[in-house]
Amino acid sequence: MTGDTQLLKGVLPMLVLGSLRARGESYGYELVTTLREAGLEDLSTGTLYPVLARLERDGWVASRLVASSSGPARKYYAPTDVGRAELDRAHRAWGELAAVVTDMLGPAPDRAEPAPHTT
Amino acid sequence: MSMSASSAPHTSLADRIRLEWYLLRLESALQDYPGRRRKQILAELRGEVMATARDTGMAAALADLGRPARLAARYLSELPEPRPRWNDGAVLAALVAFGFPVYCWFAYGIGASEALDAVGGGKADISSVFGVDVRVVSTAGGGSISFAPHWGWYVGCLVVGVVAFLLGARAWRALRD
Numbered sequence: 001m002t003g004d005t006q007l008l009k010g011v012l013p014m015l016v017l018g019s020l021r022a023r024g025e026s027y028g029y030e031l032v033t034t035l036r037e038a039g040l041e042d043l044s045t046g047t048l049y050p051v052l053a054r055l056e057r058d059g060w061v062a063s064r065l066v067a068s069s070s071g072p073a074r075k076y077y078a079p080t081d082v083g084r085a086e087l088d089r090a091h092r093a094w095g096e097l098a099a100v101v102t103d104m105l106g107p108a109p110d111r112a113e114p115a116p117h118t119t
Numbered sequence: 001m002s003m004s005a006s007s008a009p010h011t012s013l014a015d016r017i018r019l020e021w022y023l024l025r026l027e028s029a030l031q032d033y034p035g036r037r038r039k040q041i042l043a044e045l046r047g048e049v050m051a052t053a054r055d056t057g058m059a060a061a062l063a064d065l066g067r068p069a070r071l072a073a074r075y076l077s078e079l080p081e082p083r084p085r086w087n088d089g090a091v092l093a094a095l096v097a098f099g100f101p102v103y104c105w106f107a108y109g110i111g112a113s114e115a116l117d118a119v120g121g122g123k124a125d126i127s128s129v130f131g132v133d134v135r136v137v138s139t140a141g142g143g144s145i146s147f148a149p150h151w152g153w154y155v156g157c158l159v160v161g162v163v164a165f166l167l168g169a170r171a172w173r174a175l176r177d
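For the record, the sequence lines run as chains B and A.
Per the UniProt record's numbering: the first sequence = residues 1 to 119.
Per the UniProt record's numbering: the second sequence = residues 1 to 177.
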């Protein structure tokens, strides 16, 4: 959906927290899959894992290891109370920002068709 | 939290080697990341990639992470403030302290050799070129250049390296602010 890496970097923590709140808890690769299915087709684990590390360092998510009989233990993440409060704050801020953008620019245009190649 | 990742039963030796090689490169690129947390990240990634590889294959799991240097840059960019790049500074200081004088010796030695050639060949002992004795021999059959550093040269290089490091650190702080 969005190929704008700067824009994605700004909203990804909010989307990760939102996804975790919806699922209860999840692990890294499952989060990537969920967000890809939601429209972030280009999202990679290499983009998500550093964000998860920051959210955990800041105390917005907590983690626990879940052992597996068929392989290595996986790290599951869940939002903390602080993380939920931060998500609400970020969601409000996003709504206000989106309203300003819509006021200034009007509704988003339809996706443009690629221009034909001319030689 | 510590990570105690165990091997997946069907992870091949080749895949383990690819994963460890990737993590080695990542660890190298993460040298400036806080130590304890760096080890934790590497252990977590090892477990996560091995688990993901069961679904996607090791090649796809590693490709999804991207190049180690780029992944390291992403981890570093998530830190609260830019970390001092000690390793980059040390490499740069070493290049300035040792690389530059070595370059100068060779340039000086080649110049001296050509000067001897121009006067018909011979031998020249030149003392203390940047703290190094240089002997240049040029004959009809060929030539040689030898260098003999004094202990003072090592001290001089060390001082130059420290000064370069400190100046670089100041410049880094100034550019960061």
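Keep in mind that the hints were calculated from the coordinates and are not lab data.
Even for Gly, the Cβ is constructed at its ideal location relative to N, Cα and C.
Any given hint could turn out to be false.
To give an idea of the chain B side of the interface with chain A (calculated C-beta under 8 Å), a few residues [claimed, not checked]:
#1 Ala22
#2 Arg23
#3 Ser26
#4 Thr47
#5 Arg54
#6 Ala73
Hints, one by one, checked against the model:
no. : hint  : in the structure
1   : Ala22 : violated, 21 Å
2   : Arg23 : violated, 17 Å
3   : Ser26 : violated, 12 Å
4   : Thr47 : holds, 7 Å
5   : Arg54 : holds, 4 Å
6   : Ala73 : holds, 6 Å
Against the hints set out earlier in the document, violations occur for numbers 1, 2 and 3.
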